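A.B. asks: Could you put together the complete structure from these sequences and hints?
Quick mapping for you: the protein sequence lines, in order, are chains A, B and C. Here the first sequence is numbered in UniProt numbering, starting from 1 and rising by one per residue. Here the second sequence is numbered in UniProt numbering, starting from 1 and rising by one per residue. Here the third sequence is numbered in UniProt numbering, starting from 1 and rising by one per residue.
Careful: at least some of the hints might be erroneous.
The calculated lysine-lysine pairs, modelled on DSS-like cross-linking and capped at a C-alpha distance of 25 Å, are [claimed, not checked]:
#1 A/K322 x C/K348
#2 B/K322 x A/K340
#3 A/K179 x A/K158
#4 A/K456 x B/K130
#5 A/K328 x C/K185
#6 A/K340 x B/K130
#7 A/K328 x C/K348
#8 C/K276 x C/K222
Worth flagging that the hints you see were computed from the coordinates, not collected in a lab. In this text, all values refer to a predicted model and were calculated from it rather than measured experimentally.
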Amino acid sequence: MDNSISPLHPDRLFSTDPAARQLSQALYHSIAKLPIISPHGHTDPSWFADNQAFKNATELLIIPDHYVFRMLYSQGISLRDLGIPTVDGSATETDYRKIWHVFAQNYHLFIGTPSRMWMDYVFIEIFGLKETLSAANADFVYDHINQCLATDAFKPRKLLETFNIELLATTESAIDDLKHHAKLKGTCIENTVITTFRPDDVTNPESPKFISSLEKLAEMTKEDTFSWQGYLNALRNRREFFREHGATATDHGHATPKTADLSKSECENLFSLMIKGQFTPEQAELFRAQMLTELAGMSIEDGMVMQIHPGSYRNHNEPLFKAFGADKGADIPVQAEFVKNLQPMLSKYGNEANLRVILFTLDESNYTRELAPLAGHYPCLKLGPAWWFHDSPEGMLRYRHSVTETAGFYNTVGFNDDTRAFLSIPARHDVARRIDCRFLAQMVLEHRMSEADAYKLAKDLTYNLAKNGYKNTLQTA
Amino acid sequence: MDNSISPLHPDRLFSTDPAARQLSQALYHSIAKLPIISPHGHTDPSWFADNQAFKNATELLIIPDHYVFRMLYSQGISLRDLGIPTVDGSATETDYRKIWHVFAQNYHLFIGTPSRMWMDYVFIEIFGLKETLSAANADFVYDHINQCLATDAFKPRKLLETFNIELLATTESAIDDLKHHAKLKGTCIENTVITTFRPDDVTNPESPKFISSLEKLAEMTKEDTFSWQGYLNALRNRREFFREHGATATDHGHATPKTADLSKSECENLFSLMIKGQFTPEQAELFRAQMLTELAGMSIEDGMVMQIHPGSYRNHNEPLFKAFGADKGADIPVQAEFVKNLQPMLSKYGNEANLRVILFTLDESNYTRELAPLAGHYPCLKLGPAWWFHDSPEGMLRYRHSVTETAGFYNTVGFNDDTRAFLSIPARHDVARRIDCRFLAQMVLEHRMSEADAYKLAKDLTYNLAKNGYKNTLQTA
Amino acid sequence: MDNSISPLHPDRLFSTDPAARQLSQALYHSIAKLPIISPHGHTDPSWFADNQAFKNATELLIIPDHYVFRMLYSQGISLRDLGIPTVDGSATETDYRKIWHVFAQNYHLFIGTPSRMWMDYVFIEIFGLKETLSAANADFVYDHINQCLATDAFKPRKLLETFNIELLATTESAIDDLKHHAKLKGTCIENTVITTFRPDDVTNPESPKFISSLEKLAEMTKEDTFSWQGYLNALRNRREFFREHGATATDHGHATPKTADLSKSECENLFSLMIKGQFTPEQAELFRAQMLTELAGMSIEDGMVMQIHPGSYRNHNEPLFKAFGADKGADIPVQAEFVKNLQPMLSKYGNEANLRVILFTLDESNYTRELAPLAGHYPCLKLGPAWWFHDSPEGMLRYRHSVTETAGFYNTVGFNDDTRAFLSIPARHDVARRIDCRFLAQMVLEHRMSEADAYKLAKDLTYNLAKNGYKNTLQTA
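C.D. replies: What follows is the structure in structure tokens.
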């Protein structure tokens with residue numbers, strides 16, 4: 001066959017070995033139609049609350065997708081020319097068709113990247129195009145997508161159904177009012193779209209929003225959030241509010257996974273430095289470390305699953321950050337260390353039956369050295385899937401090859417898409433399912449597991465582990 | 001064929017590519033029956049001295065195997081329920097059949113792990129079972145194993161013969177009286193079961209046993225072990241005693257591979273702080289560092305091969321350590337650094353003709369970056385095989401793919417099983433032999449070495465390098 | 001076929017999968033005859049200026065090749081016995097035939113290493129031998145090579161033509177007079193052999209040659225190189241001189257990629273400490289860091305492409321360094337960190353349109369964690385190929401599998417041979433071309449790119465990216 005015509009070959013991502021390919025296909029067919037569980041991500045809840053049509057291909061597929069515009073930027077295309085909004089509101093390109101043409105002319109830059117696979121899937125599977133994007137068909141594709149978006153079939157709630165999404169968790173700040181989730185109450189997707197509690201704004205004293213966020217937190221909870229006890233009470237209060245809007249999990253985007261186990265008076269003293277703004281970077285890090293332990297303690301109380309996403313150097317490109325703000329493709333991974341960092345928290349709470357902490361990393365050297373050994377011992381620890389830059393065929397393969405021998409399969413929690421790009425969700429889950437089936441097929445054909453075990457695992461990795469891994473542990477237990 | 005019936009397929013662990021599989025098989029058949037050289041491990045010498053029958057499947061296969069119970073523990077099964085003895089002697093499960101059932105019911109947790117492969121081998125190859133363990137056959141398997149263990153064919157010395165073990169080194173503390181090895185003198189296995197000199201108790205001032213161990217060392221050697229010179233003399237004395245009991249090697253389980261090259265007066269001053277117990281963690285680390293260099297110097301004198309096993313954070317789980325003691329699956333790898341750490345010792349002794357230092361790591365990022373470049377230059381350095389969590393099919397493949405291009409094959413020392421689990425020894429060596437043959441077959445079929453070279457290397461990696469790599473270097477030279 | 005006879009099989013280095021092998025071959029044939037672009041290396045320009053015949057196999061192939069003698073040294077063969085010159089001029093082996101025999105007898109040590117592949121290529125493809133080296137044919141091979149070398153066909157300029165080298169960059173110190181390159185002016189290889197500006201001697205205050213180099217620099221440029229401004233002027237002056245001799249790039253071999261962005265007065269103060277020799281190691285590191293930023297600024301002015309080669313612990317073996325000097329196989333990689341280290345320079349200059357910085361690493365853990373994410377964002381950054389110990393089949397495969405998904409192909413710059421071993425150049429480029437075609441074939445057959453894209457990429461990776469990646473950016477723009 002001519003690969004240039006159909007980029008979505010039914011055997012894509014499977015090994016070239018004929019026997020392995022055949023078994024991968026069989027395993028994949030056994031799970032390809034299972035519902036999507038998306039327990040961690042960053043889609044906008046207003047889409048589902050308001051169910052307005054998406055307007056435009058460029059606005060939907062390019063402008064919000066930092067995977068896409070970071071690659072274009074790396075090749076000298078300015079963010080202004082891509083219509084990325086500026087901090088000061090100064091002009092950027094508003095001709096969406098022109099931006100689309102830039103994307104189409106540079107689509108070859110994405111060859112070999114997951115963005116290319118996701119986009120091809122969106123064009124062909126979701127918008128029903130016969131071929132992928134090129135400079136030649138840029139207008140046709142653009143117009144076609146825009147026509148589709150104007151129809152009811154492409155409204156957000158309908159897409160949830162089309163995509164067979166059983167659960168979609170968004171992520172909101174601890175001081176979000178959750179009005180969009182409130183609007184979902186009583187609708188048929190009340191239990192489909194849930195929130196996740198992300199308190200970074202109120203636990204990171206180095207955030208410029210820290211003090212104003214504490215003030216907002218006080219207002220929302222009627223607690224004295226400038227006293228240590230009132231602050232903790234307020235967090236408990238908000239966690240309850242989030243649970244009422246479906247949350248089963250919390251999420252923590254700290255620079256490192258450092259934890260601490262300080263005495264109450266040490267905590268009070270440290271907190272008082274934080275609220276005065278009189279602290280060294282080391283003291284701020286110690287405060288965040290202590291807060292991970294405090295939040296683990298609250299998870300034991302209320303059963304919320306704790307996710308730790310450490311190790312990103314945020315806004316590395318200062319001029320770009322000043323001009324365009326956060327989340328513009330300039331977050332770069334740094335070395336991470338989990339063993340010494342997690343020790344205080346794990347020695348305090350690591351053996352608790354109803355604590356569950358899901359660890360993620362951007363530093364793949366952690367997989368065999370730290371994460372698999374930790375998860376293969378501590379009852380509270382589970383490993384999240386390959387994350388962000390590693391949410392890719394190669395990244396997922398390295399993950400399975402690295403963690404399975406020490407942590408097994410049952411200390412992992414299936415796939416997370418972790419995306420802002422709603423339309424890419426089916427494509428991302430499809431990649432994960434294919435790679436898992438490829439890995440399982442190889443294990444069977446190397447006689448390292450039985451076929452029966454592989455079929456069972458295919459379903460567990462696709463559905464059961466994701467579903468059960470993010471259940472509130474009190475309800476589970 | 002139905003893989004679920006025979007987990008021990010003759011082609012297991014070979015590549016799925018038919019040509020590669022065929023050549024892997026041929027290479028494997030050329031070395032599969034070679035005797036086992038096990039130059040580093042932790043079996044109990046009393047087994048071979050006393051030759052008493054093992055009593056029970058649970059006592060033999062579960063309770064001493066931290067690979068097994070750490071995985072069960074990670075899934076919420078308590079160590080008490082697994083019969084692990086407590087530090088304070090408080091009650092744990094003593095119904096071994098019940099423990100066996102827990103293991104059988106959770107045997108699926110081990111899918112994809114080396115423990116599963118080793119256990120399957122033990123069940124099928126060693127105990128002659130037709131199928132592997134399941135909840136359904138748990139009683140049958142348990143009873144069958146126990147019946148076998150009661151027969152002469154399963155007594156320790158007979159198993160040494162059955163397993164075709166030509167050499168088995170155990171590891172003893174510098175202050176061990178080696179009474180079990182003494183008992184072997186004059187028996188037919190006098191040269192089969194040898195000891196290894198492990199002085200960590202008397203070189204690590206942070207060990208709670210440090211002072212009492214020095215006292216014991218003084219008693220054993222009639223040296224003043226609380227003076228620097230007497231202490232060094234005592235170590236030389238014990239090394240000689242160990243050599244009389246077969247030892248050809250020493251072993252050092254330091255937290256890091258840091259070495260130092262201090263003057264005599266600096267050593268004396270540092271040692272005096274150690275014996276007073278008045279030291280910072282940095283001073284203790286410096287003392288251990290200096291001791292690695294001192295011990296390398298002694299190796300040059302007496303020809304003992306030096307092994308360094310660094311980089312494990314021991315007893316990470318404090319409550320578990322307090323309740324159950326050391327070696328309970330809570331030793332977690334940390335980042336290791338060899339280049340700066342080994343430099344003082346290597347600049348002093350690295351070019352000596354009759355020094356041999358075998359390096360191990362738990363941090364695979366060391367392989368291409370540090371260990372292969374070091375071993376591909378320094379005459380004294382050799383690389384030990386993939387260790388502990390990496391003693392696995394994937395770990396071994398990564399090791400060969402990572403180190404061979406820079407260190408070649410002849411700066412490695414074959415396989416070590418490093419195990420406490422006597423019955424797993426044939427299984428572990430079988431995995432190593434299969435993976436090496438798989439790697440060699442791939443090299444041949446990618447035309448990176450000749451078939452003749454591959455057959456020669458298969459034998460060298462399996463037998464000659466292990467045998468020669470651990471010979472006393474004075475006897476070798 | 002019998003692999004022992006022809007070590008240069010036409011399918012070497014391709015996957016064993018028949019379909020993958022066939023497509024790899026087809027891709028390879030489409031680019032195998034493309035001219036060699038060698039934009040970074042260390043060949044001796046006097047060879048091309050003087051065009052004298054090479055004299056002897058040992059002198060050409062063993063004595064200058066640290067890959068070769070480091071492996072022999074690691075197995076206990078002394079550098080004296082290999083004819084390596086000593087610092088003090090004391091005697092070393094001068095019987096080149098005897099040295100050749102030692103090499104031949106130990107040629108098995110290189111099985112599985114890239115040196116072996118390169119040497120086999122030299123023997124068979126370049127010298128037309130029918131078989132590779134062995135103890136048995138050592139004299140025959142030695143005599144044959146020496147006879148070849150005496151003919152016109154093996155003179156340096158003729159070999160440039162035979163090897164189809166379109167461009168070869170050498171690397172010279174900032175205070176080199178470039179007399180050999182001057183001699184090439186007006187010859188037919190004036191545009192073939194160019195220089196590269198490497199200012200380490202005048203930017204590294206810890207070099208023993210720092211002060212004398214500054215004096216030489218003053219002499220050459222008539223600038224006051226002991227004032228900050230005069231020093232910078234002198235560097236600009238030399239960059240211009242190098243450009244007049246063909247240079248399009250600079251090269252920086254710092255211990256780390258640390259950069260800084262100090263004020264002018266801080267620079268002046270720091271520089272005055274450097275020239276007084278009154279500095280701490282941290283201040284020297286800060287000076288080198290600032291100089292990387294200064295040199296990036298100069299690259300923006302004059303369009304020279306900047307290469308950073310960090311992370312080697314030079315001359316690790318002190319006694320060997322004292323006896324034999326630098327570049328004797330004792331340079332060992334250490335951990336590298338790019339994200340925090342490059343941040344000051346990147347925030348200052350990283351968004352400049354006509355800056356190009358090519359990053360190299362010896363620490364493969366940087367690939368997915370740091371380098372691909374950085375290069376996939378910053379317009380100025382490109383990734384150099386797998387370097388030094390990783391310039392090998394496995395190293396190149398790991399590189400492509402690691403960086404492509406995040407950086408794409410178009411943020412890389414093709415292959416560099418980086419070699420002193422002139423005769424190995426065709427062999428090294430051949431390995432890179434084969435491995436790239438293997439990788440591309442796999443991508444096609446896993447339906448991750450089209451065949452048409454793979455053919456285009458094969459040419460881009462082999463020729464266009466190397467040629468364009470090293471063009472002066474002012475001429476490009």
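A.B. asks: Which hints, by number, does the structure contradict?
C.D. replies: 5, 6
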